[in-house]
Amino acid sequence: MLKSLAVFFDYVYSQCRSVWDVLSHTFTPADTIEYPDQMPYLAPRYRARIVLTRDPNGDERCVACNLCAASCPTDCISLQKAEDDTGRWYPETFRINFSRCVYCGLCEEACPTYAIQLTPDFELAEYERQNMVYEKEHLLISGPGKYPDYSFYDVSGKAVSGRAKGGGQNEKPPIDIKSLLP
Amino acid sequence: MINGFWTTLLMVGGIMMLLVLSAALLTWVERRLLGIWQDRYGPNRVGPFGSLQIVADMIKLLIKEDWVPPFADRPVFVLAPAIAMFVVLAAFAIVPMAPGLGVVDMNIGLLYFLAITSLGVYSVMLGAYASNSKYALIGGLRAAAQMLSYEVFMGLSLMGVVMLAGTFDLRGIVEAQADGWFFIPQFIGLVVFLIAGVAETHRTPFDLPEAEHELTAGFHTEYSGMKFGMFFIGEYLSVILISMMTVVMFFGGWHGPFFPPLLWFLFKTAILVMFFILIRGALPRPRYDQLMAFGWKLMLPVSLINLVITAAIILSLD
Chain A
1 MLKSLAVFFD YVYSQCRSVW DVLSHTFTPA DTIEYPDQMP YLAPRYRARI
51 VLTRDPNGDE RCVACNLCAA SCPTDCISLQ KAEDDTGRWY PETFRINFSR
101 CVYCGLCEEA CPTYAIQLTP DFELAEYERQ NMVYEKEHLL ISGPGKYPDY
151 SFYDVSGKAV SGRAKGGGQN EKPPIDIKSL LP
Chain B
183 MINGFWTTLL MVGGIMMLLV LSAALLTWVE RRLLGIWQDR YGPNRVGPFG
233 SLQIVADMIK LLIKEDWVPP FADRPVFVLA PAIAMFVVLA AFAIVPMAPG
283 LGVVDMNIGL LYFLAITSLG VYSVMLGAYA SNSKYALIGG LRAAAQMLSY
333 EVFMGLSLMG VVMLAGTFDL RGIVEAQADG WFFIPQFIGL VVFLIAGVAE
383 THRTPFDLPE AEHELTAGFH TEYSGMKFGM FFIGEYLSVI LISMMTVVMF
433 FGGWHGPFFP PLLWFLFKTA ILVMFFILIR GALPRPRYDQ LMAFGWKLML
483 PVSLINLVIT AAIILSLD
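These protein sequence lines map, in sequence, to chains A and B. Each residue of the first sequence is one higher than the one before, starting from 1 at the first, in this note's numbering. Each residue of the second sequence is one higher than the one before, starting from 183 at the first, in this note's numbering.
Honestly, I wouldn't trust all of these hints.
Examples of chain B residues toward chain A, derived with CB under 7 Å [claimed, not checked]: (1) W219; (2) R222; (3) P225; (4) E247; (5) A464.
Output of the computed footprint for chain B on chain A, the stretches with three or more beta carbons under 8 Å from beta carbons of chain B [to be verified]: (6) 25-32; (7) 91-98.
Just so you know, these hints were derived from the structure itself, not from any lab. For glycine and all other residues, C-beta sits at the position ideal for the given N, C-alpha and C.
Let the hints inform the model, and build the full structure from the sequences given.
Structure, rendered in structure tokens:
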């Protein structure tokens, strides 16, 4: 009897305490950020509008390897490879259909040259669906994006436009295996 | 005679208009208050502080298709929401708001209140029965059982007040509290009445008839448009009704210093309405068998004991 009374008053106490706890939030400021009036803080790694970046010299980073298109779960990336006179690949067209994109970021992870990157700009609404399809001139930006010092061809060890093999960073000149005599 | 008729009509019309309007406004008040207590804003974009939200909601409800499901029992289906509103509005007739302000004075006002709120169960039951769907049926069953069992001690909890005041007339009860509100000698009665009142209006902790998480919307699952709106307004009206009755029975009605009586009455009612909303924001819903056990095994004995003790004290003091 006494024990069940104690349990009963414990229940009553816990209900009253819940009410009090809720009431004590009367003067707590709201956590809401009223979005169109106020901009929420978006982390630099927030995944929204996709851009194509350039390396520190101002050249396109993209080498049209197609890995982004292959990794895309919604197949919203399509590009056409072309080759310049030095033999370097570049995308002739690059198209992302943002009405299908799910902003998963797999293209960014797949990209070997940090060319394709996701940015925190999420305000992509359009009145016409066709305007959601971004061509290369819409995607390509003038800066290096999130990796300001990175240039793929400086560290890749490949000969490219005017620089022979071994001319990159942390590279030794190639060894002439034919002259390596005992 | 003619003059008296028109004043009465004006009084009835005015009070009804004000009640329906304040019940409509209460939908906004409730959402704002719940928002504040949950650390967010609630609707704040339509009009100043969002107070015109109800206008937007009203337009939305009115231009919705007024659809009656083909499997429903049409006349009863249409009648049920009307009963929900009518019964509550009729119960307001006996609430004495201030000296000289009130629709009608009955010497059995309290009995009238208990009788007419009991009719409220018909709106829920008929609505649920006419909907002809499983969710509505279960909601209606729960509503019927809950309202019947909670009505029992709702009446009993008020009998202590009746004994103290010596009358069933609500004006007499308020006047008897001129030098001491009844919530001090009848504190248990107040608690029991508030719990029964929450159950009577079927609001959260006791909203099992409409329990969104298990029954979609319970007895009004099949309702939409303004029919749903009438159930909704009826619920808010009964919140106001129970708050007003609590003020009349336990918190001295219009009595209070400095300010005019009507202001005191409305102020106390507003506080209680906010308390109702706070309860909704704080407490979870019990299981159905717990609800019934709580009603019959705890609340009923407590109100009976309260009644007996009050009677004994009154007799021994005489």
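- Provide an ascending list of the numbers of those earlier hints which the structure does not satisfy. Structure breaks hints 3, 4 and 7.
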